[in-house]
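Chemist: Each chain, letter by letter, is given below.
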Amino acid sequence: MKFLLKQMENIKPLFMPGGKLEKLYPLFEAQDTFLFTPAETTRHAPHIRGALDTKRMMITVVIALIPPFLFGMFNAGQQYHYVNQIPDMGWLDHLWRGAGIVLPIVLVSYVVGGTLEVLFSIIRRHDINEGFLVTGLLFPLTLPPTIPLWQVAAGIAFGVVIGKEIFGGTGFNVLNPALTARAFLFFAYPNEISGDGIWSVVKDPENVVEGFTGATPLGAAAVAPRGVNIVEYLSEQGFEWWTMAVGLTGGSIGETAFFACLIGAVILIVSGVGSWRIMAGCVIGLFIGSTLLNRLPAETYSSFTQLPFHYHLVYGGFAFGAVYMATDPVSAAATAKGKWIYGVLIGILVIIIRVANPAFPGGVMLAILFMNVMAPVIDHYVLQAHIRTRRKKAREESLTYVQTQER
Amino acid sequence: MELISLAVRTIFIENIVLAYFLGMCSFLACSKKIETATGLGLAVICVLGLTVPFNWFIQHYFLTEGAMAWTGIPVLATLDLSFLNLISFIAVIACTVQVVEMILDRYVPALYHSLGIFLPLITVNCSILGGSLFMVERQYDFSEAAVYGVAAGSGFALAIISISAIRKKIRYSDIPPGLQGLGMTMILTGLMSMAFMCFAGIDL
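Chains Y and W supply the protein sequences, listed in that same order. When you read off a place in the first sequence, starting at 1, and then add 36, the result is the number in my numbering. When you read off a place in the second sequence, starting at 1, and then add 63, the result is the number in my numbering.
Careful: at least some of the hints might be erroneous.
[Unchecked claim] Within a straight-line C-alpha distance of at most 25 Å, the following computed DSS-like cross-link-like pairs (lysine-lysine) qualify: (1) Y/Lys429 <-> Y/Lys373; (2) Y/Lys91 <-> Y/Lys59; (3) Y/Lys42 <-> Y/Lys56; (4) W/Lys231 <-> W/Lys95; (5) Y/Lys373 <-> W/Lys96; (6) Y/Lys373 <-> W/Lys231.
Quick caveat, the hints were computed from the structure, so don't treat them as lab data.
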């Protein structure tokens, strides 16, 4: 450690104003604060003592992302072997195959996004932030394993530049950059990101065995004929509650596994990094939405409306979105009450988009993006209401004070 | 049920600002402060909610071919005055805006002054005229026209209030000098309409 510190001190003058590599200071700063606690303190009030800076915060999120990431790799491999009818594969083979599918996507996302981030921080002279490590991992996990790599690059470039950097970098953005990237791909290249045939890599498209298209549970539920019992229909298609909760179904890389996201949720809540209010709000909203829809007469509306709450919970990207996307502290609502409202509205919107919109069965990402837009409004009104109650209270207190004085 | 569906579709899916990009000038210029934006949003709801049904009335009883059959005069009964659509719509809108302006000046002078030139400019706000023209094009009946007017105005209000809250939030952002102000607002509008696209295709 001492040796490292010495090395850093030695090369520091190079990067300081007047040094040869002055322009590359953000790179040095990123390395320096990655290794050591920064020596600088804030100059103006408010001062807060705490070990939790953005770096530790973002790294916690990255750690929390590891379970869905690993499971996503495993599942991609498992789906590959299943769809291509390759028998007798152990879990290590699945993982190995999945790594071959998933790692290039993650790598492209990190390299392209990271380069743009560094470029911007050098030109705009702000610090490189670990927030990118989160964005660069979140984004690939929301993509199907079959996504072409150039689209990954285009998406992450859009997300990092338009979603974040033009606002001035981490902390200043309005929308979640990973979601912006995902939504951009969604609307720009709908063929590669939605539909039935894209969720697992097919080795030889000509010779796929009939019936192994690898549809997602959401896709299956959306086309369920009117009037059938949706739960029985799904289990006929091979989608039991348990298989969906464990996550061995087709879907985006990181989002199929409910339990893996649950582990991440525990990490985020215990460490205090993710807001439990938002997560709880999402679940409550989902419950309200699905219960209301279950009340609709089954004969006149599509059988998707009859899907019970616990199915919606483990379905598609809901858990992933609620745990990792909705809780992004920058783009979510900031006030405590606002977080509840924000979460509940996300849950309700997810149900609406899922059920009423045949075009986008995976509505979670879009619902969160929409609520990102609405979050500042929610905060504004929560704050105004707070100010009003406090003012009223203060007025009453001063009134009672005057009265006691008079007595 | 039909009317609720129409209202939801008009506010969220076919949002007059974020899906049709109508009424951009006041949307961009009056969204610096939330209070102003709220005021303008309410004014637009009011004007659209009054003018669309009123224009429907004029169009159906005076302007379309055979609309004046109710007068009983044979010459008028076959008359087609639909070429007067635009000019009479504008006249109605101008009158309504005048009334709204007077009411605001009398009762909410602070808002009246903060809206400034953009209040009389509602007259030529494309979203207002657009509302009436869409009403003609889509052949709404009277109740639909009334609901459509209020809902289109609400969509405008929703969009302008949310962008003003966002602009308040990014006031401290480190935006490149070239993009500050309007440039950033344009990009925000684009991002917002992308977010609103989550409703596109919803089938109510």
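Chemist: With reference to the structure, classify each hint as holding or not holding.
Modeler: Verification of the hints:
no.: 1; hint: Y/Lys429 <-> Y/Lys373; verdict: holds (19 Å)
no.: 2; hint: Y/Lys91 <-> Y/Lys59; verdict: holds (22 Å)
no.: 3; hint: Y/Lys42 <-> Y/Lys56; verdict: holds (19 Å)
no.: 4; hint: W/Lys231 <-> W/Lys95; verdict: holds (7 Å)
no.: 5; hint: Y/Lys373 <-> W/Lys96; verdict: holds (23 Å)
no.: 6; hint: Y/Lys373 <-> W/Lys231; verdict: holds (19 Å)
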